[in-house]
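Enquirer: Quick note, the working numbering runs 62 ahead of the 1-based positions in the sequence shown.
Hints were generated in silico from the structure; no laboratory data involved. In this text, all values refer to a predicted model and were calculated from it rather than measured experimentally. Incorrect hints may appear among the rest.
Unchecked claim - Cut-off 30 Å, straight-line C-alpha distance, at most; resulting in silico cross-link-like pairs (DSSO-like, lysine-lysine):
(1) K353 with K483
(2) K376 with K131
(3) K199 with K186
(4) K187 with K218
(5) K108 with K83
(6) K117 with K332
(7) K325 with K339
(8) K117 with K99
(9) K199 with K252
(10) K434 with K411
(11) K218 with K321
(12) K401 with K272
(13) K220 with K145
(14) K220 with K250
(15) K145 with K434
(16) K426 with K353
(17) K187 with K367
(18) K220 with K241
(19) K337 with K430
(20) K489 with K465
(21) K198 with K401
(22) K198 with K489
(23) K475 with K337
(24) K377 with K122
(25) K465 with K187
(26) K483 with K401
(27) K272 with K261
(28) K498 with K248
(29) K332 with K198
(30) K434 with K332
(31) K291 with K248
(32) K67 with K83
(33) K248 with K223
(34) K430 with K465
(35) K220 with K262
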Amino acid sequence: MNITKEQIDELNAVVTVALTKEDYQEKVDGILKDYRKQANIPGFRKGQVPMGLIKKQYGKAVLVDEVNKLLQDNLNKYLTEEKLDVLGNPLPKQQDNFNWDAEELAFEFELGLAPDFEVPLKTKKAIIHYRIVADKKMIDDQVNRIQKQYGKLVNKAKVDKTDEVTGTFSNEAEEIDHKSTLELDKVKSKKALESLVGKKVGDVITLKTKGLFKEDYLLTSALGIQKEKAEKLNVEVTFTITEINEREPASLDQELFDKLFGKDVVKSEKELKAKLKEDSEKQFEQQADQKLLNDVTERLIETTKFELPTDFLKKWIQMTGENPLTEEEAVEEYEKSEKGLRYQLIEGKIIRENDIQIQFDELKEFAKGFIKSQMAQYGQLNPQEEELDNIAARVLGNQDEVKRLSEQLMSQKLLTLYKEKANLKTKEVTYENFVKEVYG
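All chains should be modelled from the sequences, with the hints used to inform the complete structure.
Expert: Structure follows, in C-alpha cells:
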C-alpha cells in the first residue's frame, strides 16, 4: 500500500491510496472460503460448491467491501499521523470505468483543509460588559409584591380600584363560563375599571375583552381559554361578582423574613432589601454573561479573517447528507452554516492555544451545582452530599447529558477567559435599561 498527497493549494489537497493484491487478496480469499462452507446452491452439497462459482457470485462484492474497509482504516490513520486538520470528511473522486481486476487499485480522495489563522482576542474596539444593578424602584416594587403575596384578604361590601374581585365570566356564543379573580391593579381598560368600582356582590358588569388587561397573557387565565383564542378575541363578556376582597399587606416582621429566607437569615427591612438586591443582581449576572458571550462570539467571527475551502465544503454538503442535495440546495445550506463553522474553528483554536480542558471531577462538580440549583427551586435547599453524588452519577451515565453539561462548562470556561483577556468595557445599567439597549 502506498499513500501520497498532492497539495492543490493551502486549503485543498488530493490523497491517493494505491493498493496491490497483496494488501487484500488473502483476506478476500479467506472470506470466500467461509462463504463456500456455508453456501446452499441447488445442485451442490453444502460445502462442495466449486470455488469458481463462489467467486463469480460473491467475489466482486467481497472485494469491494474489503477494499473499502482498508481504505477507511488506512486513510484515517494517515490523516492522524500526518496531522492533517481536515474539514468534513475526505471525498472520493469519481473514477469512471474503474477496473477492479487490475493488479494495482488506485483511489483518489479530495481533502478540504482547515486554514491557518490567528485569533485576536483583544479586539481593537472594546466590547460592552454589562453590569446590571437592581435600583431602588425595583427593590421597592419587589417588597410591595412580597407584602401583597403574603398579606391577608379582608372581605368588603363594595369594589375599590385596588381590590381583588372574584366572579364568573360568561359569553354563551364563545362558550365562556369561567370563575376567576381579577386583581384590579392589573386591569388596563379605564372604562372597565370605572364599571367595576363601587359595585357589590351579585352585580353583573359587561366588559370588553380587547385591551382589558395590562398584560395580554392574563386574558387566557381569566377566561379559561386557549392562548391562540385569547389573542384574537374581541367580544363582550359579562362578569358576575361573587366576592370582593382587599389584600392587606403583610407586615415586614421576623415571621415574614423567616418564611422567605429561613430562620434569622434576614432580621430587618434594610437586610431584606439588601438580600433582594443581592439575589436579583446574581440572576442578572447570568443574563449579562450570556450577552457578553454572544457579543464576543460575534466580534471574533467579525475580526478573525481566514479563507475556507468553499467549493469543497459545498460539494461535501451536497454528497454526504442523509438525502442527496442539488447544487443549489448545497450552496444554500453552506451559506446558512458558514458562520457556525467559522466559530467552531475559532473556538477550537482558542481552546487549544489556552489549553482549556474539562476534567471528569470538574464536570461532576458542575453537574452537582446544576442539580442543587434545580432542587432549590422545589424547596430542597440543603440536600445531602451523598444524594447529590447519586443523582450526578445517574445524570453522567447519560451521554446526551454529558455532552450538554460539557458544552455548558466549556462556555463557562471560555467566558472566564474572555473576561481576563478580551478588550471589555464595563457599563452599569438598570435592568430596565439593559432590556431597552439589548432587546430594543
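Enquirer: All hints are to be evaluated individually against the structure, with a verdict given for each.
Expert: Cross-check of the supplied hints:
1. For the proposed pair K353 and K483, the alpha carbon gap of about 17 Å is at most 30 Å, so the pair holds.
2. Between K376 and K131, the direct Cα distance comes to roughly 26 Å. Compliance with the 30 Å bound is thereby established for this hinted pair.
3. The suggested pairing of K199 with K186 is violated, with an alpha-carbon distance near 37 Å, which exceeds 30 Å.
4. Of the supplied pair hints, the one linking K187 and K218 is violated, its CA atoms being roughly 62 Å apart against a limit of 30 Å.
5. Between K108 and K83 the CA atoms are separated by roughly 29 Å; this keeps the pair inside 30 Å, and the hint holds.
6. Between the alpha carbons of K117 and K332 the distance comes to roughly 90 Å, so the proposed pair goes past 30 Å and is violated.
7. Restraint check for K325 and K339: satisfied, since their Cα atoms lie roughly 19 Å apart, inside the 30 Å limit.
8. A hinted pair counts as satisfied when its Cα atoms are at most 30 Å apart, and K117 with K99 qualifies at roughly 13 Å.
9. Simply put, K199 and K252 have alpha-carbon atoms about 25 Å apart, close enough for the 30 Å limit, and the pair holds.
10. A threshold of 30 Å between alpha carbons decides the hint, and for K434 with K411 the separation of about 33 Å lies outside it, so the pair is violated.
11. Under the criterion of a C-alpha separation no larger than 30 Å, the hint pairing K218 with K321 is consistent with the structure, at around 28 Å.
12. Restraint check for K401 and K272: the C-alpha separation of about 43 Å exceeds 30 Å, so the hint is violated.
13. Taking the CA atoms of K220 and K145, the gap is about 82 Å. The hint is violated against a cut of 30 Å.
14. A distance of roughly 20 Å separates the Cα atoms of K220 and K250; the hinted pair therefore holds under the 30 Å criterion.
15. Between K145 and K434 the CA atoms are separated by roughly 42 Å; this puts the pair beyond 30 Å, and the hint is violated.
16. Between K426 and K353 the CA atoms are separated by roughly 26 Å; this keeps the pair inside 30 Å, and the hint holds.
17. Using a Cα cut-off of 30 Å, the hinted pair K187 and K367 holds, with the two alpha carbons roughly 16 Å apart.
18. Between the alpha carbons of K220 and K241 the distance comes to roughly 19 Å, so the proposed pair stays at or under 30 Å and holds.
19. For the hint linking K337 to K430, the alpha-carbon distance of about 24 Å falls within 30 Å, and the restraint holds.
20. Between K489 and K465, the direct Cα distance comes to roughly 34 Å. Violation of the 30 Å bound is thereby established for this hinted pair.
21. Between K198 and K401 the alpha-carbon distance is near 42 Å, which puts this suggested pair outside the 30 Å criterion.
22. Using a Cα cut-off of 30 Å, the hinted pair K198 and K489 holds, with the two alpha carbons roughly 18 Å apart.
23. A distance of roughly 28 Å separates the Cα atoms of K475 and K337; the hinted pair therefore holds under the 30 Å criterion.
24. A hinted pair counts as satisfied when its Cα atoms are at most 30 Å apart, and K377 with K122 qualifies at roughly 29 Å.
25. Between K465 and K187 the CA atoms are separated by roughly 34 Å; this puts the pair beyond 30 Å, and the hint is violated.
26. Note on K483 and K401: the hinted pairing holds, with a Cα-Cα distance of about 23 Å set against a maximum of 30 Å.
27. For a cut-off of 30 Å, the pair hint linking K272 to K261 stands: about 22 Å separates their Cα positions.
28. With a CA separation close to 23 Å, the supplied pair K498 and K248 stays within the 30 Å bound.
29. As the CA atoms of K332 and K198 are separated by approximately 12 Å, the hinted pair is consistent with the 30 Å bound.
30. For the hint linking K434 to K332, the alpha-carbon distance of about 28 Å falls within 30 Å, and the restraint holds.
31. Restraint check for K291 and K248: satisfied, since their Cα atoms lie roughly 20 Å apart, inside the 30 Å limit.
32. Distance restraint check for K67 and K83: the Cα-Cα separation of roughly 22 Å lies within the 30 Å cut-off, and the hinted pair is therefore satisfied.
33. A threshold of 30 Å between alpha carbons decides the hint, and for K248 with K223 the separation of about 10 Å falls inside it, so the pair holds.
34. Simply put, K430 and K465 have alpha-carbon atoms about 15 Å apart, close enough for the 30 Å limit, and the pair holds.
35. Among the hinted pairs, K220 with K262 is consistent with the structure: their alpha-carbon atoms are about 5 Å apart, no more than 30 Å.
In this structure, the earlier hints numbered 3, 4, 6, 10, 12, 13, 15, 20, 21 and 25 are contradicted, and the remaining ones agree with it.
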